[in-house]
Amino acid sequence: MALFQIAEPGESAAPHEHKLAIGIDLGTTNSLVATVRSGMAVCLHDAQGRPLLPSVVRYHVDGQVDVGYEARKTQAVDPKNTIISVKRFMGRGKQDIAHVESMPYDFIEAPGMVKLKTHAGIKSPVEVSAEILKSLKARAEHALAGELLGAVITVPAYFDDAQRQATKDAARLAGLNVLRLLNEPTAAAIAYGLDNAAEGVYAVYDLGGGTFDISILKLTKGVFEVMATGGDSALGGDDFDHRIFCWVIEQAKLQPLSPEDARRLMMRCREAKEFLTNNPEAPISLRLGSDEMVDIKLDVQTFAEITRTLVSKTLQPVKKALRDAGLRADDIKGVVMVGGATRMPQIQKAVGDFFRQEPLTNLDPDKVVALGAATQANLLAGNKTGKDDWLLLDVIPLSLGLETMGGLTEKVIPRNSTIPTARAQEFTTYKDGQTAMAIHVVQGEREMIADCRSLARFELRGIPAMVAGAARIRVTFQVDADGLLSVTAREQTTGVEASINVKPSYGLSDDEIAGMLKDSMAHAKDDAMARALREAQVEGERMIEATEAALAEDAHLLSTAEIDKINTTIAKLRNSIAGDNRRLINLAMDDLGFETQTFAHRRMDQSIKKVLSGRKVNDIATGEDA
Amino acid sequence: MGVTLSESAAKHVANFLQKRGKGIGLRLGVRTSGCSGMAYKLEFVDEVNEDDQVFEQNGVKVIIDAKSMPYLEGMELDFAREGLNEGFKFNNPNVKDQCGCGESFNV
Numbered sequence: 001m002a003l004f005q006i007a008e009p010g011e012s013a014a015p016h017e018h019k020l021a022i023g024i025d026l027g028t029t030n031s032l033v034a035t036v037r038s039g040m041a042v043c044l045h046d047a048q049g050r051p052l053l054p055s056v057v058r059y060h061v062d063g064q065v066d067v068g069y070e071a072r073k074t075q076a077v078d079p080k081n082t083i084i085s086v087k088r089f090m091g092r093g094k095q096d097i098a099h100v101e102s103m104p105y106d107f108i109e110a111p112g113m114v115k116l117k118t119h120a121g122i123k124s125p126v127e128v129s130a131e132i133l134k135s136l137k138a139r140a141e142h143a144l145a146g147e148l149l150g151a152v153i154t155v156p157a158y159f160d161d162a163q164r165q166a167t168k169d170a171a172r173l174a175g176l177n178v179l180r181l182l183n184e185p186t187a188a189a190i191a192y193g194l195d196n197a198a199e200g201v202y203a204v205y206d207l208g209g210g211t212f213d214i215s216i217l218k219l220t221k222g223v224f225e226v227m228a229t230g231g232d233s234a235l236g237g238d239d240f241d242h243r244i245f246c247w248v249i250e251q252a253k254l255q256p257l258s259p260e261d262a263r264r265l266m267m268r269c270r271e272a273k274e275f276l277t278n279n280p281e282a283p284i285s286l287r288l289g290s291d292e293m294v295d296i297k298l299d300v301q302t303f304a305e306i307t308r309t310l311v312s313k314t315l316q317p318v319k320k321a322l323r324d325a326g327l328r329a330d331d332i333k334g335v336v337m338v339g340g341a342t343r344m345p346q347i348q349k350a351v352g353d354f355f356r357q358e359p360l361t362n363l364d365p366d367k368v369v370a371l372g373a374a375t376q377a378n379l380l381a382g383n384k385t386g387k388d389d390w391l392l393l394d395v396i397p398l399s400l401g402l403e404t405m406g407g408l409t410e411k412v413i414p415r416n417s418t419i420p421t422a423r424a425q426e427f428t429t430y431k432d433g434q435t436a437m438a439i440h441v442v443q444g445e446r447e448m449i450a451d452c453r454s455l456a457r458f459e460l461r462g463i464p465a466m467v468a469g470a471a472r473i474r475v476t477f478q479v480d481a482d483g484l485l486s487v488t489a490r491e492q493t494t495g496v497e498a499s500i501n502v503k504p505s506y507g508l509s510d511d512e513i514a515g516m517l518k519d520s521m522a523h524a525k526d527d528a529m530a531r532a533l534r535e536a537q538v539e540g541e542r543m544i545e546a547t548e549a550a551l552a553e554d555a556h557l558l559s560t561a562e563i564d565k566i567n568t569t570i571a572k573l574r575n576s577i578a579g580d581n582r583r584l585i586n587l588a589m590d591d592l593g594f595e596t597q598t599f600a601h602r603r604m605d606q607s608i609k610k611v612l613s614g615r616k617v618n619d620i621a622t623g624e625d626a
Numbered sequence: 001m002g003v004t005l006s007e008s009a010a011k012h013v014a015n016f017l018q019k020r021g022k023g024i025g026l027r028l029g030v031r032t033s034g035c036s037g038m039a040y041k042l043e044f045v046d047e048v049n050e051d052d053q054v055f056e057q058n059g060v061k062v063i064i065d066a067k068s069m070p071y072l073e074g075m076e077l078d079f080a081r082e083g084l085n086e087g088f089k090f091n092n093p094n095v096k097d098q099c100g101c102g103e104s105f106n107v
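Protein chains in written order, with this note's numbering: chain A, 1 to 626; chain B, 1 to 107.
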């Protein structure tokens, strides 16, 4: 017998036509899946009733894969093949990853994105994330007893195109239809129903297990703009556990602990931290391997004291984000708390004091992002119509643009443009006779290309040769609803066109991408050679033209033999220009320069004579003074 | 009075209504569609129509339109959990047979 959910008036689904949609919070430490049931967003639990899925994947030799608690348990035993925090590697090259040397993995440098060597083979972060998503998908299909229409997956607001595309690909690999990628702070705001609230600026304070993010969102007409983001990628709830750990060792005057004891004590410290959320005092007791007993009590005040620096460390990025947005704490209309670590009373107090208002904490901070994603997924799946028929728009987090002469960035789509969007801008050639234009697409706010993230390069070839500045090349940037970009360049007079879908390259899971990257690298070298050749040809032609003009004027200064000699050298240069050997052109130019040296001297003498003839030395001297 | 709402079902309906923030009650109904002829309707109610009958069950208003009434006579709505899934269950004595999944039925 089927189980039914309550629908909106007039919206009962026809049998077998339920539009099941889920929201997924794909987190660094933990992931969740949620859906809307009878009009209410709820997180889906696993068979043991746990809502969280640790974002940990373990690969076995036989290719079997453990995901979640199972994998996390064995993390210490098999660190090389147990991948934690894979989100930090998504769409990232090795040089982009902080503290790469302290990680236990065998990284493999691959174009665009690192890969990890496990004993089940080489895995890209996309594949690892796909395992987490597969597990969540299976949970959802089980819980909803049906086929999923699609999912909304959340990503940090600061994720660039490469990271978003990698997330989308992971979903595709997991067999999920991505309805939309949604910024995490936006999802949290939706969960609190802020999208229906008064327009204004909201702050989302997200302190997770190992990362801290602050986002300043502006709501106007149901559209969330990301005004500023900031954070610390190495600051989270785990650091608070560690502070308690150090405090216990100091208080109990413990000798250095064995790894086993250390792990168990760390666990006790975490439990104590969680206990202090609702209690004034937490006991920490543990029998060590040496049979020594640790028995100590931690009270809320002490806990607040020993973690004061951590708390204030989170406020630095908050101040910076406000400054970036050009706002003061008073301008913030509401503060949303996200992440389990925000349950700590000292965090809530510090944030409340800073913004001079009570932060929103009535939703479970672990679940709030997933709940918001589910609400959005339900909407996109078409389960809510009528007067509530709004589609929440998102904005692009960083400006998109291209490289212009001198390594400068030209922004085509400014950040915070609502998506989907398309913008076009006209560019022109820099040199006479330029027939190709390299287009380098970048993302970022900085003025210099070197400081922005390179997304893609492509070439528009077959531009008719014209004087510099005459060609009209229209470059169109288009961003779809997921924040993914395609760029088209079109020469307006001939209609020659080239385009690219910005799908940053990361390796073997997508052979096409690998090929594309190889292509572009091969072209880069060809192009450099071609440009140098063209430059030599242009210079040689200029030289012939100048020599011939001089001959036409002053041939009488030369003997017939000399004229013949010069003409032969010109013919030689002309021949070399017709070929494609840059070295020959340069040699022929040197020859012509040598042969015309005497001619040049004589012409110089002649013109000096002309100037001086008929004038007295005196005139010349006074002329200088005049 | 032909339809009953189990205590657990009523509690969930009340909870959902409260979370939704508006609505007067729960509409039960049938319509002709689906692979076995009829399908249930289970919706929130914002407006009561002229031909609706309104009952109160365990503190929850149940609204049924006149046309659906004969098919639902004697039915009990329950809230059940099956594995990870949970939702409302129609226990309808009028049903002669139903499709494999139970989403549509025949009387």
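Simulated from the structure, these hints should not be mistaken for lab results. For every residue, glycine included, the Cβ atom is placed at its ideal position computed from N, Cα and C. Be a bit skeptical, because a hint or two may be false.
What the hints assert, rightly or not - According to the in silico footprint, chain B covers these stretches of chain A (three or more CB under 8 Å from chain B): (1) 2 to 8; (2) 40 to 52; (3) 137 to 151.
Tested hints:
1. 2 to 8: holds (count 7)
2. 40 to 52: holds (count 5)
3. 137 to 151: holds (count 5)
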